[in-house]
Amino acid sequence: MRNVRGIGFDAGIEAISYRRLMDEVHLPDLNPVTQAFKHDQPACMLDEVLIRPSLDQRLHVLLTPGDLTPDLMEPTVLSKARVDSMDFFYKAAAFARPDHTAPEIWKEKEVLEMAANFLANCVELDEEVQQALAALLKA
Numbered sequence: 000m001r002n003v004r005g006i007g008f009d010a011g012i013e014a015i016s017y018r019r020l021m022d023e024v025h026l027p028d029l030n031p032v033t034q035a036f037k038h039d040q041p042a043c044m045l046d047e048v049l050i051r052p053s054l055d056q057r058l059h060v061l062l063t064p065g066d067l068t069p070d071l072m073e074p075t076v077l078s079k080a081r082v083d084s085m086d087f088f089y090k091a092a093a094f095a096r097p098d099h100t101a102p103e104i105w106k107e108k109e110v111l112e113m114a115a116n117f118l119a120n121c122v123e124l125d126e127e128v129q130q131a132l133a134a135l136l137k138a
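Residue numbers (numbering that gives the first Met the number 0): 0 to 138.
Just so you know, these hints were derived from the structure itself, not from any lab.
All values reported here derive from a predicted model rather than from experimental measurement.
Any given hint could be a false lead.
[To be verified] Label pairs and their computed distance ranges (CB to CB):
| hint | residue 1 | residue 2 | range |
| --- | --- | --- | --- |
| 1 | F87 | D22 | 58 to 64 Å |
| 2 | T68 | R19 | 53 to 59 Å |
| 3 | V76 | A133 | 29 to 35 Å |
| 4 | L135 | T68 | 27 to 33 Å |
From the three backbone atoms N, C-alpha and C, an ideal C-beta is built for every residue, glycine too.
Generate coordinates for the entire structure from the input sequences, incorporating the hints supplied.
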C-alpha cells in the first residue's frame, strides 16, 4: 500500500491467486446466423405491449380452456362423459377411507359422493331433456 499525499490506495495487481480457462471467456461465440432486428415488424406488436386489454376484454380467453375437446360440444358425447365421470366418482368414493378427524368439508369420501351425486342429477336432467326432445320430435 502506498501513500500519495497522505491518501492510501492500492496500485496494480499483486498476484493472481486462482485462474481458470472459463474466466477468459467474456463474449459468446460469434454466430454468423444471428437474427438481426427487423424494422418491418408490424406495429401491432408495440400495441400489445403499450395498450393492455381490460379484464372484460380478456375474460372470455381466460375462462375458455385451451385443451377442450371439440367433441364434448356434442350432447351425446357430453352425456357419456358425465356418466363416465359419475361412475368414476362413485368407485373412488367406495375405495376412500372415511376420515373422522378431518373437518366436515374436507372428508374425502363425502366429497367424492357429493360430486358423484351432483353428476347423477346432471345425468337425470340430460335424460329428461332427451325424452322431452324425443316427444317433441314425435309430435
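Could you work out which of the previously given hints the structure breaks and list their numbers from low to high? 3
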